[in-house]
Amino acid sequence: MQSTLSHRSLLEPKSLRDALNMLRQEKSLVPMAGCTDLYVALNFGTLQDTRFLDLWRLDALRKIERRGDALSIGALATHSDLIRSPLVRSRLPMLAAAAREVGGVQIQNRGTIGGNVANASPAGDTLPVLAAAGAFVWLQSASGTRRVPFTAFYTGYRQTVRRHDELIVAFEIPAVRGRQWFRKVGTRAAQAISKVVMAGVVPSTGSGRAADGSVRIALGSVAPTVVRATRTEAALAAGASVEAAQRTLVEEIAPIDDTRSTAIYRRRVAANLLARMLAAR
Amino acid sequence: MPIPVRLRVNNAPRQHDIEPRLLLVHYLRDVCGLTGTHVGCDTSICGACTVLVDGKAVKSCTMFAIQADGSDVTTIEGIATNGHLHRVQQGFWDCHGLQCGFCTPGMIMASVHLLAGNASPSRAEIADGLRGNLCRCTGYSHIIDAVAQAANSTEVTHG
Chain A
954 MQSTLSHRSL LEPKSLRDAL NMLRQEKSLV PMAGCTDLYV ALNFGTLQDT
1004 RFLDLWRLDA LRKIERRGDA LSIGALATHS DLIRSPLVRS RLPMLAAAAR
1054 EVGGVQIQNR GTIGGNVANA SPAGDTLPVL AAAGAFVWLQ SASGTRRVPF
1104 TAFYTGYRQT VRRHDELIVA FEIPAVRGRQ WFRKVGTRAA QAISKVVMAG
1154 VVPSTGSGRA ADGSVRIALG SVAPTVVRAT RTEAALAAGA SVEAAQRTLV
1204 EEIAPIDDTR STAIYRRRVA ANLLARMLAA R
Chain B
-19 MPIPVRLRVN NAPRQHDIEP RLLLVHYLRD VCGLTGTHVG CDTSICGACT
31 VLVDGKAVKS CTMFAIQADG SDVTTIEGIA TNGHLHRVQQ GFWDCHGLQC
81 GFCTPGMIMA SVHLLAGNAS PSRAEIADGL RGNLCRCTGY SHIIDAVAQA
131 ANSTEVTHG
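Protein chains in written order, with the numbering used here: chain A, 954 to 1234; chain B, -19 to 139.
Because the hints were derived from the structure by calculation, they are not lab data.
Take every hint as true, because none was put in to throw you off.
Below 30 Å or equal to it, Euclidean Cα-Cα: the simulated DSS-like pairs (lysine-lysine) are:
| no. | chain 1 | residue 1 | chain 2 | residue 2 |
| --- | --- | --- | --- | --- |
| 1 | A | LYS980 | A | LYS967 |
| 2 | A | LYS1016 | B | LYS36 |
| 3 | B | LYS36 | A | LYS967 |
| 4 | A | LYS967 | A | LYS1016 |
| 5 | A | LYS1016 | A | LYS980 |
Chain B on its own, in the form it takes in the complex:
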């Protein structure tokens, strides 16, 4: 039986009647049409589905959408502002922090969460903050470069 939920996705209020069995990632992709959040492993390992729920990074393949009722959800689509990339997105662009790009939305959202709690992380702290995200292309070093650049970026940030 569908249950009414109200939440904010990328600052936009959303209200839907959804089945309790709907995973948050499928709600975001199939109901909201926000397909930037990827499903990699379905088993909470790869981190491609990472989004922020009330500012905290979570794997949206291991959470029901109704559990986000009343919450603020931020996806990869919600961090650029007025056509300007978020500093973490810019870091991945500048430092070649991706190859195939499949893990990138999750990597970026985990990095946004990391920088919110630690404005100037060391390389070891960046690696630790991204331990819940797998990348099978880059060998991670360019990803760490990207996050380090974002941390040092003096741009006004909107994240």
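Bound conformation, chain A alone:
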């Protein structure tokens, strides 16, 4: 049943500074942008919050650009922006692949990468990419900015280190060396929420012990937050076989039974995806 809308209100800041001041003044303000998650909760009647801060028009937060050797993606870049960006396609093709799997075109036109991250669902499709890429989250408040490693951003199910007075303003992604890989498994090809989603980077030589870096693996929908499979990565770096790495991965992740899938199926699929990623050379 739809939530009551009559007691909800929306603030429209004119600038980032304006938005940050509003957030500092009012603890319970909820930032929103494309609203593709928020309005679903609203229409389901599960949205508790009443006061919202509309970031959509803050175009300064939409830039995708190179900063030295790193790629900087503004929090308001939509999934369509990511799919179309030549910089994303050339430097981080696994992110373009993930963005293509989000909802349909209409959702891709509205949903933002900052929103996908802030929503903090363990099933968010861009999250494993950011984890595997070793990204950083830039947070800004009225009193300053700070940079948090993406893998330290989530502290539990739907919990993040973002303070109420901070906004995610950008993601910094260091240059990724090696072959990038992304795969989402859901109920149907389009518009499904992930049963398992995985992103990874494999050194160009295909070996886990390559000089230019190690295998990096991140998964969504298999734990309370997106996870880097560090034990599996270490096993591969130490020369483990694909089968041994699969066994490590299955033990390392912590999937549950829920409306979308079962723990057993998710473990099996995660192991299959790992083999697929390592085989695709």
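Starting from the known structure of chain A, fit chain B onto it as the hints suggest.
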């Protein structure tokens, strides 16, 4: 408290004082009287409410009307010109791209957006472009035929 908005709907300037809580789809249907845009699921899945905002396909059930302030909105009512169907509408007519018709306005608006960015899409690209729209009658193949015909149409288009 109502907030003043100015926008263009199907090229006509509109100015209303509306509640911030009013969803774009309800603004279009109840305030503007444009009931061609349908509400199917209310949860951003089905795509029946698809309209164009500044040329981009969006689901109007997941956007507040005041967020379209200053924008150009195009609905299914706005794509035929002078009594002539838009080439996508003609495609759906000719290829039987509908049965019950409930999803059709959204399908057509998503197709208009698709063809604006890709004038000659493959069947796979059409299916991909329409992945945000559900049809429970046709099995989709006639819809893809319709969009493919529209893409190949040599008519002067007004979309």
